[in-house]
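Undergrad: Sequence:
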Amino acid sequence: MAKGPLHAGYGHQGVWTGTEVLIWGGSRVDDDTLRSKAMRDGAAYDPRTDSWRKIPPAPIPGGHGYSLTWTGEEMLVWGDRDRGRSTKGNRGAAFDPDANEWRRIPRGPLTGRSGHLAVWTGEELIIWGGSLTDFTRERYDGEGAAFDPETDKWRPLSEAPLPAGYDAMGAWTGSEVIVMVSPMGIEEDDYPKFAHVASYDPSSDSWRELERPPFVTNVSPPAPFLDGELFLLSLNGPVDGGETNGYGKSYDTGGIFDTAREQWLTHSDPPERPEHRWGQVALDDEVVIDGLAYDPRADSWRVLPEFPLKPREFPVVVWTGSELIIWGGAGLNHSPPVATGAAYTPPE
Numbered sequence: 001m002a003k004g005p006l007h008a009g010y011g012h013q014g015v016w017t018g019t020e021v022l023i024w025g026g027s028r029v030d031d032d033t034l035r036s037k038a039m040r041d042g043a044a045y046d047p048r049t050d051s052w053r054k055i056p057p058a059p060i061p062g063g064h065g066y067s068l069t070w071t072g073e074e075m076l077v078w079g080d081r082d083r084g085r086s087t088k089g090n091r092g093a094a095f096d097p098d099a100n101e102w103r104r105i106p107r108g109p110l111t112g113r114s115g116h117l118a119v120w121t122g123e124e125l126i127i128w129g130g131s132l133t134d135f136t137r138e139r140y141d142g143e144g145a146a147f148d149p150e151t152d153k154w155r156p157l158s159e160a161p162l163p164a165g166y167d168a169m170g171a172w173t174g175s176e177v178i179v180m181v182s183p184m185g186i187e188e189d190d191y192p193k194f195a196h197v198a199s200y201d202p203s204s205d206s207w208r209e210l211e212r213p214p215f216v217t218n219v220s221p222p223a224p225f226l227d228g229e230l231f232l233l234s235l236n237g238p239v240d241g242g243e244t245n246g247y248g249k250s251y252d253t254g255g256i257f258d259t260a261r262e263q264w265l266t267h268s269d270p271p272e273r274p275e276h277r278w279g280q281v282a283l284d285d286e287v288v289i290d291g292l293a294y295d296p297r298a299d300s301w302r303v304l305p306e307f308p309l310k311p312r313e314f315p316v317v318v319w320t321g322s323e324l325i326i327w328g329g330a331g332l333n334h335s336p337p338v339a340t341g342a343a344y345t346p347p348e
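Taking our numbering, I'd label the letters of the sequence shown as residues 1 to 348.
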């Protein structure tokens, strides 16, 4: 990809609009003070012309802790710039790429947080869960709210049958929001806590519990949704017991939730993991994670071609419908962040 106008940093987020990749936020290390500096600028990348354009700075503080969601017309940015470490959180803004303009969105009924689930239903932005900090100790939240950009109003969600936990993730199925959260702590037999899962119907503002996964979902969000299935792909050794994580024993990891049958399925063991740390993203018929592609129809894996740039972790990962865009991220093994990117076209 052509060099863009953004500083190298960490924590950038990105969305695909149908014509451009919008990248915003994150933080960088100040060269003079060596302190982390929040960024509220952004840029748009056009893969057809391999060109960038700067977008105006957002009217809210930059940094980490925000979610980015594309509505079809606007990019919605919401969260807490201090990753839940500020009582002044709960800020949001909407960016219209056609007008190249931002607008603030009103504060919602939730306290400031990061690590929350953010899902666009076609009509509303659904926010649920996330991490909070009460001065000296981290805590988690099990509340949610919905924002309608047409009316510019929020509404609280009914109480979910889920515990507060970390790394809330899920997806919109077309009629419900699947929400999954892992509570802190360990099970009675010294395994990490298994996740709790529920579905939320925005038309009736109602919840129902779903089957808990029979394995430890030690997968960071997002959880891609493809052809009616929610993916939690395990790259931590064999699926049937390859992870110990200091618990002194192995346990099952990774799986797929079939929403039609409301049933958890296993997946085949992945090949050796490449030197990448990418988030999961659903392509047209595969799910890509860490330089590997998984085909759910064949329950098989393949290794992507060698990445042509410096390996990185936590980059912006966006599927455009024809290309996989990988941009930015932190360098591996504590090396400096990068501001480069590459685009990959899968075989037909």
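Any given hint might turn out to be false.
Simulated pairs of lysine-lysine, DSSO-like, Cα-Cα distance not exceeding 27 Å [claimed, not checked]: (1) K54 to K3; (2) K310 to K54; (3) K193 to K3; (4) K37 to K3; (5) K310 to K37.
So the derived label-pair ranges between C-beta atoms look like this [said to hold, decoys possible]: (6) E150 to T111: 38 to 44 Å; (7) G331 to P156: 36 to 42 Å; (8) R48 to E101: 19 to 25 Å; (9) R155 to A298: 16 to 22 Å; (10) D227 to E73: 23 to 29 Å.
What the hints contain is simulated information worked out from the structure, not anything from laboratory work. Using N, Cα and C, we set each Cβ at its ideal position, and we do this for glycine too.
Undergrad: Please write out, lowest number first, the hints stated earlier that are contradicted by the structure.
TA: 3, 6 and 9
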